[in-house]
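Asker: Chain residues, written in single-letter form:
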Amino acid sequence: MNKTATYRITVSASTEKLSEVREFVALHARKQGFSSKQVSDLQLAVDEAYTNIIKHAYQNNSDESVEINLSFDPDKLCISLFDYGNSFEPESYNLPDIRKKIKEKKRGGMGVYLIHQLMDSVSYHQNPDKNEIRLCKKRNETV
Amino acid sequence: MKNFKINHRESSGLDVLDLHGELDAHTASQLEESLKTLISSNKSNIIVNCSKLEYIASAGLGVFMAYIEDVRSSGGDIKLTNMNERVYNVFDLLGFPTLYDILDDEREAIDRFSNEN
Chain A
1 MNKTATYRIT VSASTEKLSE VREFVALHAR KQGFSSKQVS DLQLAVDEAY
51 TNIIKHAYQN NSDESVEINL SFDPDKLCIS LFDYGNSFEP ESYNLPDIRK
101 KIKEKKRGGM GVYLIHQLMD SVSYHQNPDK NEIRLCKKRN ETV
Chain B
144 MKNFKINHRE SSGLDVLDLH GELDAHTASQ LEESLKTLIS SNKSNIIVNC
194 SKLEYIASAG LGVFMAYIED VRSSGGDIKL TNMNERVYNV FDLLGFPTLY
244 DILDDEREAI DRFSNEN
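Taken in order, these protein sequences are the chains called A and B. Mapping of the first sequence onto this note's numbering: residues 1 to 143, in sequence order. Mapping of the second sequence onto this note's numbering: residues 144 to 260, in sequence order.
By construction, these hints were calculated from the structure, which means they are not laboratory data. Take the hints with a grain of salt, since some may be wrong.
What the hints assert, rightly or not - Here are the simulated EDC-like cross-link-like pairs (lysine to aspartate or glutamate), alpha carbons at most 20 Å apart as the crow flies:
no., chain 1, residue 1, chain 2, residue 2
1, A, LYS100, B, ASP213
2, A, LYS100, B, GLU212
3, B, LYS148, A, GLU23
4, B, LYS195, A, GLU23
5, B, LYS179, B, GLU212
6, A, LYS37, B, ASP235
7, A, LYS106, B, GLU176
8, A, LYS55, B, GLU175
Stated by the list, open to error - Counterexamples of contact, computed for chain A against chain B with all Cβ distances above 10 Å:
no., residue
9, HIS56
10, PRO74
11, SER80
12, LYS137
Glycine is no exception: its CB is placed at the ideal position from the N, C-alpha and C atoms.
Throw the hints in and build the complete structure from the sequences for me.
Answerer: Here it is as structure tokens:
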């Protein structure tokens, strides 16, 4: 097992690609020794981040693309998702009021909370030409 | 490649949707269609059996949020059963167990519906 490694894919900004993206993350995280629970958490966090980019950065325009970079080091995995669309940073990472959303027949707004629950750190970086969300998870689960 | 499908069947006079595979922002529309079809035929006692559901993202949970009020206001419910731990964990993280009937087994959902009606 190579403790330091980088893998990258570029996919179109389409929900059709969600399963491919999840499989890409799982394949490399498994090879790197992450537990099946950790792999599930990583897949869901990346799924939610990628879905938010499709919706909010690109307004469902599948001609656009998203670059996903996995960077393993001895302590952790950091996953960066890059897009070239509208930058957005969520206002809140709190648990959404699901009861209120149901009453108002609203949905959505849950992905950001999940990402923060599933990952050890989450950060947003706005570069002049692209936006990045970086999700990191330690190799050793904290007890 | 289809990584999600839904089968509809009836059991003890109730409508059961069996979910198979991965429910995400791409496949959620299939669940939405199935629920809409049931609701428009005035079916409001619905069991969603998740025994073959391997994965769910928040877009999947969003579908349940969008239709639960319609179903409950007509005297019915959507009860979710047979979730694996991975799927249950997502519902749990978002606090769904206090808002939805999530049961270990389809049989329990059938019993609960027959006690309610």
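Asker: State for each hint whether it applies.
Answerer: Here's how the hints hold up against the structure:
{"no.": "1", "hint": "A:LYS100 to B:ASP213", "result": "holds (15 Å)"}
{"no.": "2", "hint": "A:LYS100 to B:GLU212", "result": "holds (11 Å)"}
{"no.": "3", "hint": "B:LYS148 to A:GLU23", "result": "holds (19 Å)"}
{"no.": "4", "hint": "B:LYS195 to A:GLU23", "result": "holds (18 Å)"}
{"no.": "5", "hint": "B:LYS179 to B:GLU212", "result": "holds (13 Å)"}
{"no.": "6", "hint": "A:LYS37 to B:ASP235", "result": "holds (15 Å)"}
{"no.": "7", "hint": "A:LYS106 to B:GLU176", "result": "holds (17 Å)"}
{"no.": "8", "hint": "A:LYS55 to B:GLU175", "result": "holds (18 Å)"}
{"no.": "9", "hint": "HIS56", "result": "holds (12 Å)"}
{"no.": "10", "hint": "PRO74", "result": "holds (27 Å)"}
{"no.": "11", "hint": "SER80", "result": "holds (20 Å)"}
{"no.": "12", "hint": "LYS137", "result": "holds (15 Å)"}
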